[in-house]
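Enquirer: Here's the letter readout for the chains.
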Amino acid sequence: MEKGIILCVDDERVILNGLQGQLGRDFGADYAIELAESGEEAIDLINELLAAGNDIPVVISDQLMPGIKGHELLKRIHEITPATYTVLLTGYSDLEAVTEAVNHANLYRYITKPWQGNDLILTVKEAIKSFYQDQKLDNQNKLLDRHNKELEVLVQERTKQLQEEKEKADRAVQLKHKFMANMSHEIRTPMNAIVGMTRLVLSKEPKPEQLRYLNAIRMSADNLLVIINDILDFSKIEAGKVTFEKIDFNVREVLQGISDMLYTKMEEKGLKLLIDIDPAMPQMIKGDPTKLNQVLINLAGNAIKFTEKGHIEIKTVLQKTDSRQLTISFDVKDTGIGIAPEYINTVFDSFTQAGSDITRKFGGTGLGLSISRQLTNLMGGDIFIHSELGKGSTFSAVMVFDTSEVQADEKKSEKPDQTLMEQLKTLKILLVEDNEFNRMVAEDTMNDLLPGIEIHMAVNGKDAIDRLKTEVFDIVLMDIQMPVMDGLTATRIIRTTLPGRSSKVKIIAMTANVMQEDVKEYYAIGMDSHVSKPFKPTELLQKMSEVMKDVIPVGRETAQIVTPLIATQLSSVIDLKFIRQFTGGDADKIKKYTAMFLDNAPKLLAQLEDGMNTRDNKVIKIAAHSLKPQLTYMGVKEEASQIALIEKLSDDKVNVDILLPLIANLKLVCSMAFKELNKDV
Amino acid sequence: MAAKSKNYIFLVDDEPIQNEMLRDYLAERFDYQIKVFTNGEDAIKDVDLNPDIVVLDFHLNSNKPDSQNGVEVLKKIKQLLPATQVIMLSGQDKLEVAVDSMKYGAYDYVIKGETAFSRMENILNNINELRGLKKSNKNYKLISASLGISILLILILSFFLVRKLGE
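Residue numbers (my numbering), protein chains in the order written: chain A, 1 to 681; chain B, 1 to 167.
Keep in mind that the hints were calculated from the coordinates and are not lab data.
Bear in mind that the values here come from a model prediction, so they are computed numbers and not experimental data.
Be aware that one or more of the hints could be misleading.
With a cut-off of at most 25 Å between alpha-carbon atoms, the simulated DSS-like pairs for lysine-lysine come out as follows [claimed, not checked]:
hint	chain 1	residue 1	chain 2	residue 2
1	A	204	B	103
2	A	591	B	35
3	B	103	A	425
So here's chain A without its partners, still in its complex pose (with noise of 0.2 Å):
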């Protein structure tokens, strides 16, 4: 390596000579002191040295020299060389040339002329110091920076792949949620056919053995449903997909409607259920029953499970509330095996039971406490357990509610009376079903509830558009997920393009797809009801009835009542044809029957107009089946008469103001007849 330079810069000779002889005593050994006798000369000094790779600590100038001024000299170098230190000698203290040089040359010392020798070696000698101290830390910082650098550049590196295999995973994630949701509809489609076949098949008074067979497909596809509804909700949280409803209810019927449910199960252990229900409670709240109603089930559902003798109670506690907000404390607590304490911070995660030997004894996917516990905390609340081994559990979810301002008792009950079912047995319906055997389950389900009730198939959407562009029904059962044309692409086409009464038709989704967006949109595109798969036959019934709730229903005949007043485009409604063959034309034969039908032929009349007039359909209906033969007989037309139609549309609680228009034309048709009767016999 090079040597160091200390470099002088005077235009005096005799000056320059006793710098180098003064600090090459000291430095000479380690350091060239190089010399130079204007600012010009320095400079290009200055820049051949750094070109040659030498380092110059220091610079000694003159201030006072011809063409460059010191200060302006060390101005200069420090922009060539800003890590060498300079030092300014001055004849007088020429503070003005020193302060502009401490300002634009990082001045590092002045000495004023004449100098003691000590002061010159020593400020050299510190400023080389400082000057090897700067580079060196320089060279670290370099070397810092660098390093900084590499860091950096394996941050990034490790970052991006951390990155990439954060989306690997959301995306595995996404395709795990996506495939449970759609294996569980795939799942709940075939058990819709196995759980409902089972329930007809249980219907038939099966044998006694195949009676034991059959329940036990029963509990196990109740089973089986259990596990996929699970898994469904499972992913339904997981995926941020869970909405929940804000409706008022009442707590009490949530909880009886528990207690029901859970009966047969409690019957079978012979355990006892006891419901304490805080006296403060307030009869309406609002919130979501359904996901309440979940909660409990599982949390008691368990309870029972883990119970083999006493009993479950679900007590609930109003903890807080004021006029906006209520909390509630629901405690279910039983008399069963308890919780381990080394497990009580495990049961809520997801796949996870108190112990392998649980799940090999009790069974069970491990996901219910899982989902309680999110649901629960989406609706602002916890779940907290006390346990004791062999002693008995207790499980209190907290949940917060709105106060509802509903606080009336209006009671709506649950079940289609009887005189709705009537109605329901008379009714039109098109099952849109692409599954063979869901067909059949639908079908034989209906028709075992509603014997009498009239049903057409069509196997997608396409199909049904077909039959409703001919055919007038009361409500369309409409599958979702349909090949050729889905049930929505159907419904939209019906509500839509579809002429007249069919374009209003009543439709019921049928979907094993229960979530709250979709049935909100099932509601958007017209739809007018939802029955989920596998759906209770009660359900079902329900959900028809509320639809046809203010609606008369198409009646088998109906779409023939063509002109009301048909009567009236006839000249003659009688034709003694048959009578004359009947008697073999003996006229005081026909004059008995003609005689006997003038006279009991008003009488019936007389009985229709009263049942019109108390609104009795059966007065009606059997006047009309009595006058039907008559007649007949009389040979008055049934295009005329439309006597059978009448008779037939006389249904029990079919409306009888759409008999209105027939019951008057047959009035005028039964007119006409007597008038031609009196004046031809």
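Go by the hints and put chain B onto chain A.
Expert: For chain B alone, kept in the frame of chain A given last:
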């Protein structure tokens, strides 16, 4: 197909024209005593007459809740008089009419209307034919038995004759 003069047909219907027309129609064609009832209770009171045939309205007295309906009367008659053939009359051609009629032992059912009378005539003929066949079956058995005996006698006689000639 003439029957004995003391055999009865009961017509049970609350519609007077129906009863009257059917009575006239059957009276012209069959040699039965025809008795008309407007309700089932009266008809059952007269079971002592042991009618061959009862024609019964399926929707009998549907406007009077206290009276027995057609199916109940049918059951009662079949219980009291198992040999009597009951024909159900209905104003409506419905599956339940056919099923209930057959289930409780009716011979047939007829839908009211212009064709009801000739249908009824056919059914009555069928019933009589059945009766007649049963009766002639008995006669045939008798005849074949006596024929057998005569042939046997002839054979024995000829055997003796041949022997006599041979001597």
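Enquirer: Each hint should be assessed against the structure and marked as holding or not.
Expert: Structure-based check of all given hints:
Between residue 204/A and residue 103/B the alpha-carbon distance is near 20 Å, which keeps this suggested pair within the 25 Å criterion. For the given pair, residue 591/A sits about 22 Å from residue 35/B by alpha-carbon distance, which is consistent with the 25 Å threshold. In summary, the hint linking residue 103/B to residue 425/A is supported, as the alpha carbons are separated by about 24 Å, within the 25 Å threshold.
In this structure, every one of the numbered hints holds.
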